[in-house]
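> Residue strings, one per chain:
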Amino acid sequence: MLIVLSTAVTFAGGYRVSLQGQRALAMGHTGVAVVNNAELAFFNPAGLVFLENKINAAVGVSAVFSEVVWQNDEFGQMSRTDSPVGTPFYAYFSYKISEKLSVGLAAYTPYGSTVKWEKDWAGSHLVNDIELAAIYVQALASYKITDNLAVGGGPIYVSGSVNFNRNLSRTLTDLEGNRANVTLDDSGISAFGWSAGAMWSPIDSLRIGVNYRSEILVEAEGGEALFKNIPNSPLTPFSDTKFDATLPLPAELTVGASYQFNDKWLVAIDYNRTFWDVYKSLDVDFANQPDERDSNNPRNYQNASIYRFGLQYTANEMFTLRTGYYFDESPLSSGYYAPETPRNDSNNFTGGLTVNISDRVAVDAAFLYSRFEEIKESYAPNPVDFPEYEGTPFEGTYKSGAFTLGLGVTIKI
Amino acid sequence: MKNYFKYIAILALGIVSCEPELDNPIDEAGFYTNGEADFSNYVAIGNSLTAGYADDALYISGQENSYPNILASKFALTQQTNGFNQPLVNDNVGGLLLNGTQITDTRYVLAVGADGPSPARYRGAAPTTDVINKLTGTFNNMGVVGAKSYHLLAPGYGNVAGVSTGTANPYFARFASTDNATIIGDAVAQDPTFFTLWIGNNDVLSYATSGGLGVYQENVTDFTKYGPNDITDPTAFAGVYNSLVTQLTSNGAGGVLINIPKVTSIPYFTVVPYAPLSPADPNFGPQIPTLNSTFAPLNQAFAFLETPERSISFSETAASAVLIRDESLPNLSQQLTQVLIGGGVDPATAGLYGMQYGQSRQATEDDLLLLTSSSVIGTVNQVRMQELMGFGLDQATAGKLSVNGVTYPLQDQYVLTPDEQLLIKNATIAYNIAISQIAEAKALGFVDANTLLDQIASVGGTIYQGVPISSTFVTGGAFSLDGVHLTPRGYAVIANEIINEINTTYKSTVPAVEVGNFGTVTLNNDVQ
Numbered sequence: 001m002l003i004v005l006s007t008a009v010t011f012a013g014g015y016r017v018s019l020q021g022q023r024a025l026a027m028g029h030t031g032v033a034v035v036n037n038a039e040l041a042f043f044n045p046a047g048l049v050f051l052e053n054k055i056n057a058a059v060g061v062s063a064v065f066s067e068v069v070w071q072n073d074e075f076g077q078m079s080r081t082d083s084p085v086g087t088p089f090y091a092y093f094s095y096k097i098s099e100k101l102s103v104g105l106a107a108y109t110p111y112g113s114t115v116k117w118e119k120d121w122a123g124s125h126l127v128n129d130i131e132l133a134a135i136y137v138q139a140l141a142s143y144k145i146t147d148n149l150a151v152g153g154g155p156i157y158v159s160g161s162v163n164f165n166r167n168l169s170r171t172l173t174d175l176e177g178n179r180a181n182v183t184l185d186d187s188g189i190s191a192f193g194w195s196a197g198a199m200w201s202p203i204d205s206l207r208i209g210v211n212y213r214s215e216i217l218v219e220a221e222g223g224e225a226l227f228k229n230i231p232n233s234p235l236t237p238f239s240d241t242k243f244d245a246t247l248p249l250p251a252e253l254t255v256g257a258s259y260q261f262n263d264k265w266l267v268a269i270d271y272n273r274t275f276w277d278v279y280k281s282l283d284v285d286f287a288n289q290p291d292e293r294d295s296n297n298p299r300n301y302q303n304a305s306i307y308r309f310g311l312q313y314t315a316n317e318m319f320t321l322r323t324g325y326y327f328d329e330s331p332l333s334s335g336y337y338a339p340e341t342p343r344n345d346s347n348n349f350t351g352g353l354t355v356n357i358s359d360r361v362a363v364d365a366a367f368l369y370s371r372f373e374e375i376k377e378s379y380a381p382n383p384v385d386f387p388e389y390e391g392t393p394f395e396g397t398y399k400s401g402a403f404t405l406g407l408g409v410t411i412k413i
Numbered sequence: 001m002k003n004y005f006k007y008i009a010i011l012a013l014g015i016v017s018c019e020p021e022l023d024n025p026i027d028e029a030g031f032y033t034n035g036e037a038d039f040s041n042y043v044a045i046g047n048s049l050t051a052g053y054a055d056d057a058l059y060i061s062g063q064e065n066s067y068p069n070i071l072a073s074k075f076a077l078t079q080q081t082n083g084f085n086q087p088l089v090n091d092n093v094g095g096l097l098l099n100g101t102q103i104t105d106t107r108y109v110l111a112v113g114a115d116g117p118s119p120a121r122y123r124g125a126a127p128t129t130d131v132i133n134k135l136t137g138t139f140n141n142m143g144v145v146g147a148k149s150y151h152l153l154a155p156g157y158g159n160v161a162g163v164s165t166g167t168a169n170p171y172f173a174r175f176a177s178t179d180n181a182t183i184i185g186d187a188v189a190q191d192p193t194f195f196t197l198w199i200g201n202n203d204v205l206s207y208a209t210s211g212g213l214g215v216y217q218e219n220v221t222d223f224t225k226y227g228p229n230d231i232t233d234p235t236a237f238a239g240v241y242n243s244l245v246t247q248l249t250s251n252g253a254g255g256v257l258i259n260i261p262k263v264t265s266i267p268y269f270t271v272v273p274y275a276p277l278s279p280a281d282p283n284f285g286p287q288i289p290t291l292n293s294t295f296a297p298l299n300q301a302f303a304f305l306e307t308p309e310r311s312i313s314f315s316e317t318a319a320s321a322v323l324i325r326d327e328s329l330p331n332l333s334q335q336l337t338q339v340l341i342g343g344g345v346d347p348a349t350a351g352l353y354g355m356q357y358g359q360s361r362q363a364t365e366d367d368l369l370l371l372t373s374s375s376v377i378g379t380v381n382q383v384r385m386q387e388l389m390g391f392g393l394d395q396a397t398a399g400k401l402s403v404n405g406v407t408y409p410l411q412d413q414y415v416l417t418p419d420e421q422l423l424i425k426n427a428t429i430a431y432n433i434a435i436s437q438i439a440e441a442k443a444l445g446f447v448d449a450n451t452l453l454d455q456i457a458s459v460g461g462t463i464y465q466g467v468p469i470s471s472t473f474v475t476g477g478a479f480s481l482d483g484v485h486l487t488p489r490g491y492a493v494i495a496n497e498i499i500n501e502i503n504t505t506y507k508s509t510v511p512a513v514e515v516g517n518f519g520t521v522t523l524n525n526d527v528q
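The listed protein sequences correspond, in order, to chains W and P.
Quick note: the first sequence uses the numbering used here, first residue 1, plus one each step.
Quick note: the second sequence uses the numbering used here, first residue 1, plus one each step.
Below, in silico cross-link-like pairs of lysine to any residue (SDA-like), each with a Cα-Cα straight-line distance of 25 Å or less:
{"#": "1", "chain 1": "W", "residue 1": "Lys119", "chain 2": "P", "residue 2": "Gly516"}
{"#": "2", "chain 1": "W", "residue 1": "Lys100", "chain 2": "W", "residue 2": "Ala257"}
{"#": "3", "chain 1": "W", "residue 1": "Lys376", "chain 2": "P", "residue 2": "Phe31"}
Heads up, incomplete: computed chain W residues facing chain P, CB under 10 Å, no partners named:
{"#": "4", "residue": "Phe65"}
{"#": "5", "residue": "Val68"}
{"#": "6", "residue": "Pro234"}
{"#": "7", "residue": "Tyr369"}
{"#": "8", "residue": "Lys399"}
Hints listed in this document are in silico derivations from the structure and should not be mistaken for laboratory results.
Ideal placement from N, C-alpha and C gives every residue a C-beta, glycine not left out.
All chains, full assembly: derive it from the sequences and hints.
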């Protein structure tokens, strides 16, 4: 059942990838209060029971193009990422058992990041390349309490993976001048969580929704740490070993509303709050090293908000058009811009359409254009908060760019 | 088919529209300016410091971190340049071969032994750079290891045939354009638009690193009369230097002149203390009473001769100074022997003591011991021991009287006495006056490496771009494991100072060098 994930790309705040439904994406990725198709499995499971058909399915994949450019004009240094195209995907299925109860299954990828800098670039002591991925697989139930109020939710199983390479320091090399580096690799890391939501229609045409996804701590245990180009010296006793590390996938709360003006026009607004402050530091515990040699990487993320707005226009039986906008706040604190996920605030513009091929099958397409302002920032953890961090500040001007195209299929039987 | 093109166009749009562009990218023409200088063809002239020599060898990563190579990469950000070509050796092992025979040793690395970390020669591989494999082409880095000022003008200095007889320099022989070429000729033939010149160090440093074995060639301008460890006459130096700069600026090139550091800034001369003999040392402490009683008659003789400052004694509570030979002292061998005999010492012993201690004294804080002395102090001088056995002593006694710096005076080559230091200091000052005058006369940039390295050598060192840097041997970050040449970080500091001076003199905006990105010493335990 699980589709193999290739990596997803950072472009929402931090490593959150907000691409869980092409219809929703086309409308600014609103959806907590929108009853449209099986995408509700992600946006608000409570709404699944409001879908008219007995069987609903939605699958889709996006192509994410995302790059970062960095420069430090004091030293004349400039670098660009050359990251591979990300391909986040989703697959949702719901089955209406009765008028009051629906069940469903969902698989989606809300967190991921692939950033690939030039090897040995000016910031290589912080990151050369990093690939994070998390697939969520969820069983769902949706129950109508009254005709206008439903609740839903279910447990989540997460399979996570990480591959992270950085140079050990700004200067350590072997005899030939090759930079000493470490690769951390682990995959198939299991973790569990849950989500729950409610949807209410106080008056006709107006829906209000709320959805909460729990924080999930992905704990890598016994991952592989591979060291390369280490000098032959007792002063650098690094050899391949195992590592433990915890990567938090933060909790997210969404509230929103949608209003159907008439047959043709629907407007939706969503507010997301992602509880990023769980991500204080990425600490790596090496099995064969004493605690003092563990790698402490301060991150100091802050809770962040996203403000979404979407519009849907049902043109005719064949075509539905959508457009949207959202403002995505960066979770990064000033002074903690690590180049593995450098993200400024962004303005995001979306659009897309649905083509109803037949009664049962529709094709959904969407695009997302993300606009980031350039920002001059640094990675310079405060020694008061992070006394173990020994590095020197890493500064520069960053600019990100991202563009996404998505394609999906909706089935209603 | 048409649809495929549409999809490809959308994909292309996707890729293009996500390529972020900064408002003021540094790779845009005009972001950095070359000002009034023209860096398109930059040539660096100098000695080992210019070549990127470090850890007592020339090796690839050292050459890549030479200050001229660092400068060239920054110059290239301000304008189009013709690149920067260096005469790279073949490996990171160091050492040279001459027709298959090894003629210089491999590089030092920092190895960890029973006594902790210390420099040792790398033995993990053999040198692969053979001098007879001549490099072709022109080289922007004309730094030649070991060159003195007048060598830059010497034809045949790069003739391979002369290497084995010592009339030519193997480092230059590898890349000289012809057998009779001169270093300055090869430099000027490239029609440089910009140059740096750092020469004169060896004119005084070879005397210093020999421990003062050469002579000060005062007023001698005929360089053919000079020995390899002599100090170049300052007037002769100024004449040579002026000629070099005139040739380099003859087509209007801009440039920077760098002056000569003090020997006291260099760990090679400051790391071994003048009083290294510790009573806590189990090989020395227990011997102290015996040594003192052995020297007692000698000290009485010195007192009688009214030269009590020559007496030799070792403290049981504090570190003692080494015993050294000082050639500037009057030789009291004869008188010493007679006084000792008069005091009741047998003639043979008296004669021996007189000969051995006639020109010796213990070191004072004004003496400088060379780095090379650290491996010999306290060890038996085998050559001397054989000599003494030749005079009839048994091996045990001969051995006891041959301990370097304790019973046998440390030879001249290990010590710079105050007289010798004064010669070096005066010559250095004179050279530096000439360099700064010529820089001013020709309106060139001038970098005071003398003051800079003095700051780095001060107690506690200095903080450069937030990075602590000092001249402490091994750990200070500025000097490599030979105690004379700089580390990549040290060369980066020099390059950054040159850039500051260029930006002031030529109104350019060459970007700075991030010195913290450059390493210091290389760790490796393949030293057996």
